[in-house]
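Chemist: Go ahead and model the full structure; you've got the sequences and the hints to work with.
The sequence shown begins at 107 in the numbering used here and counts up one residue at a time.
It is worth saying that the hints were derived from the structure and are not from the lab. Some clues are possibly wrong.
Claimed, not checked - Using 30 Å as the maximum straight-line C-alpha spacing, the simulated DSS-like pairs for lysine-lysine come out as follows:
1) Lys-166 <-> Lys-215
2) Lys-437 <-> Lys-151
3) Lys-437 <-> Lys-521
4) Lys-166 <-> Lys-202
5) Lys-437 <-> Lys-215
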Amino acid sequence: MAFAQAADPLAPTGQWSANTAGQAATPVMGWNSWNAFNSDVDEEKVLASAQALVTTGLAKQGYRYVNIDDGWWLRRRQPDGRLMIRAERFPSAKVKGVADPSFRPLTTKLHAMGLKAGIYSDIGRNTCGQIYTPDFKNQPEGSVAEREVGLYGHTDQDIRLFFADWGFDLIKVDGCGIRGLPADAPRVQNGLYRALTPLVDMQSLGRTNVPAVQALYRDVASALRRYNPDGDYVLSLCLWGSSDVRAWGKDMGNTSRTSDDITPHWTRMLTNFDTAATRSLYAHPGSWNDADMLFVGTGDFDANHLTEARSHFALWAMINSPLIIGFDLRKLTPELQAIFGNGDLIALNQDPAGNQAVIAYQSDDYQLLVKTLANGDKAAALFNRSAAPTDVVLTAAQLKMSDGAPVQLTDLWSKARSSFTKEQGFNLAPHETRVFRVSGTRRLPNGLFLSEQPGSVNPAVDGVTVPRADPTIHHSVTSWFGSRGPGEHVQYGGWGGAQPDRAAYGQTMRVAGTLYDTGIGLLAGSRLEVRNKGFRRFTAKVGIDDSSLAASGPVQFEVYGDGKLLASSQPMRFDQAAQPISADVSKVRIVELVARPVTARQGDGPAVAWADAALTR
Numbered sequence: 107m108a109f110a111q112a113a114d115p116l117a118p119t120g121q122w123s124a125n126t127a128g129q130a131a132t133p134v135m136g137w138n139s140w141n142a143f144n145s146d147v148d149e150e151k152v153l154a155s156a157q158a159l160v161t162t163g164l165a166k167q168g169y170r171y172v173n174i175d176d177g178w179w180l181r182r183r184q185p186d187g188r189l190m191i192r193a194e195r196f197p198s199a200k201v202k203g204v205a206d207p208s209f210r211p212l213t214t215k216l217h218a219m220g221l222k223a224g225i226y227s228d229i230g231r232n233t234c235g236q237i238y239t240p241d242f243k244n245q246p247e248g249s250v251a252e253r254e255v256g257l258y259g260h261t262d263q264d265i266r267l268f269f270a271d272w273g274f275d276l277i278k279v280d281g282c283g284i285r286g287l288p289a290d291a292p293r294v295q296n297g298l299y300r301a302l303t304p305l306v307d308m309q310s311l312g313r314t315n316v317p318a319v320q321a322l323y324r325d326v327a328s329a330l331r332r333y334n335p336d337g338d339y340v341l342s343l344c345l346w347g348s349s350d351v352r353a354w355g356k357d358m359g360n361t362s363r364t365s366d367d368i369t370p371h372w373t374r375m376l377t378n379f380d381t382a383a384t385r386s387l388y389a390h391p392g393s394w395n396d397a398d399m400l401f402v403g404t405g406d407f408d409a410n411h412l413t414e415a416r417s418h419f420a421l422w423a424m425i426n427s428p429l430i431i432g433f434d435l436r437k438l439t440p441e442l443q444a445i446f447g448n449g450d451l452i453a454l455n456q457d458p459a460g461n462q463a464v465i466a467y468q469s470d471d472y473q474l475l476v477k478t479l480a481n482g483d484k485a486a487a488l489f490n491r492s493a494a495p496t497d498v499v500l501t502a503a504q505l506k507m508s509d510g511a512p513v514q515l516t517d518l519w520s521k522a523r524s525s526f527t528k529e530q531g532f533n534l535a536p537h538e539t540r541v542f543r544v545s546g547t548r549r550l551p552n553g554l555f556l557s558e559q560p561g562s563v564n565p566a567v568d569g570v571t572v573p574r575a576d577p578t579i580h581h582s583v584t585s586w587f588g589s590r591g592p593g594e595h596v597q598y599g600g601w602g603g604a605q606p607d608r609a610a611y612g613q614t615m616r617v618a619g620t621l622y623d624t625g626i627g628l629l630a631g632s633r634l635e636v637r638n639k640g641f642r643r644f645t646a647k648v649g650i651d652d653s654s655l656a657a658s659g660p661v662q663f664e665v666y667g668d669g670k671l672l673a674s675s676q677p678m679r680f681d682q683a684a685q686p687i688s689a690d691v692s693k694v695r696i697v698e699l700v701a702r703p704v705t706a707r708q709g710d711g712p713a714v715a716w717a718d719a720a721l722t723r
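Modeler: What follows is the structure, encoded as structure tokens:
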């Protein structure tokens with residue numbers, strides 16, 4: 107698998123470039139120690155949580171990964187650099203007749219339970235807990251060098267240890283060690299850690315060394331393939347949406363964090379959700395957006411806030427975020443288990459088509475999310491973000507279904523069934539999310555619009571040449587700063603790029619005054635890869651979106667099949683009506699859609715529209 111782009115990024119390759127290595131055909135499900143225990147983790151807690159997954163039946167529903175987060179290590183032994191386990195916390199690591207502690211007995215026990223085992227590290231020398239957690243328990247001990255337990259300078263050695271020697275199946279790789287230790291950091295100045303010139307600046311993409319960050323994570327991906335020749339591994343990138351990772355994380359890892367850490371607060375959940383919700387074209391089988399672990403069971407999502415807990419879980423299921431429980435499962439109640447174990451919602455998250463939900467209606471108070479399922483059904487989530495009751499209307503048009511035929515609904519919480527024609531009103535309680543499985547007569551009965559199948563559409567090049575922070579994400583009060591300072595900054599990269607049913611920067615899709623409710627919007631200088639699953643024809647209407655400047659253009663639109671040119675438009679200019687384009691793709695495996703600027707320009711090109719883009723039989 108190659109991560110480097112071709113010399114001409116718009117040149118068709120006939121290949122699918124998003125990651126397919128590893129074991130993540132559907133989003134990862136399981137449990138992680140951090141939200142429940144922070145770094146105060148030990149073997150008893152890990153095994154008790156694993157046993158709870160098995161005993162409650164959650165493991166059979168897909169919760170298979172048991173992930174040990176920060177706090178497991180004692181030191182990096184000198185001079186050979188081998189990582190040493192905190193064996194007094196993990197007693198099975200003391201293997202009789204073996205000099206060095208090993209996690210192999212623990213991973214073997216988890217495997218015997220039908221589970222998978224996950225481990226944690228950092229791409230830098232030191233971990234997030236060391237750098238940012240003041241009350242960090244189980245701190246690595248010893249000299250400065252012995253406390254450097256991260257991957258930096260030890261990637262091959264550590265990955266071999268974790269996977270070949272210890273038998274782990276997943277690794278979460280944080281990035282605090284390449285972010286938080288400049289020379290003037292207090293913990294560097296007092297001699298606790300060595301300085302490492304930051305490669306990541308959360309407030310400035312310009313001060314972030316994106317190629318260097320990519321290179322470090324690329325080394326991890328290469329080592330994982332080297333020590334897992336059967337491909338049985340999961341790589342979880344944890345860069346919190348920094349370093350322009352929204353553009354390349356999907357090509358390298360199995361999951362990629364889109365935000366800073368979640369906390370057990372409603373408003374923080376909104377922040378994390380927002381960082382992933384508009385990135386549906388950047389998630390596919392093998393490479394998922396990760397809005398961070400579930401906080402169901404704690405704080406604003408505890409047993410006294412079941413409406414919020416259900417919303418949190420339902421939203422993660424709809425956007426195909428990994429369903430990683432962050433709760434102390436020893437305290438599981440029937441009400442919480444009913445949320446974690448809602449098989450109908452799990453089925454939405456684990457649907458093999460891999461389509462992240464698309465936002466069909468967007469406002470600060472209410473959102474409608476719609477996803478297309480493998481069997482042709484839809485799922486719809488009606489989400490009241492506000493603290494007041496809200497009256498909303500769901501329309502057949504928003505579902506891309508016929509106005510004149512009945513639409514069948516199954517409520518995935520109550521299991522009640524109903525139907526409507528054209529539109530149906532609902533009253534949503536504060537913070538409520540109603541989720542339905544939907545069937546009916548589709549607007550496009552003989553195919554799929556591309557915006558209905560984001561899991562099969564990869565923005566190999568999305569036209570963004572000047573990465574910038576996304577201003578549309580909810581600004582929450584963070585627990586680590588509170589209301590000190592100026593407040594939460596706009597920091598998560600990912601503004602613009604490829605959008606389903608919207609223009610590149612979230613506006614409605616419109617060409618020469620004609621509105622389109624369906625299509626793919628992005629920027630000129632872009633190339634989309636589309637997996638063709640038995641369709642015979644590609645059709646679209648192409649043009650420069652009205653959200654562009656009048657001086658924009660011209661742009662030529664091209665359709666390729668397995669690397670060969672199949673169709674092209676005339677050069678299109680601003681305020682020119684959209685032009686039809688079509689191609690026979692009956693024997694094509696990969697369709698590529700290129701929006702090529704006719705004249706050279708600096709910076710981002712104009713917004714363009716592949717309106718009504720569809721594959722039909």
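Chemist: So, for every hint listed, does it hold in this structure?
Modeler: A quick look at each hint next to the structure:
The suggested pairing of Lys-166 with Lys-215 holds, with an alpha-carbon distance near 17 Å, which does not exceed 30 Å. Simply put, Lys-437 and Lys-151 have alpha-carbon atoms about 12 Å apart, close enough for the 30 Å limit, and the pair holds. Pair hint Lys-437 plus Lys-521 holds up; C-alpha atoms about 27 Å apart against a cutoff of 30 Å. With a C-alpha separation of about 33 Å, the suggested pairing of Lys-166 with Lys-202 is violated against the 30 Å cut-off.
Taken as a hint, the Lys-437 and Lys-215 pair is honoured in the structure, with Cα atoms around 22 Å apart against an allowance of 30 Å.
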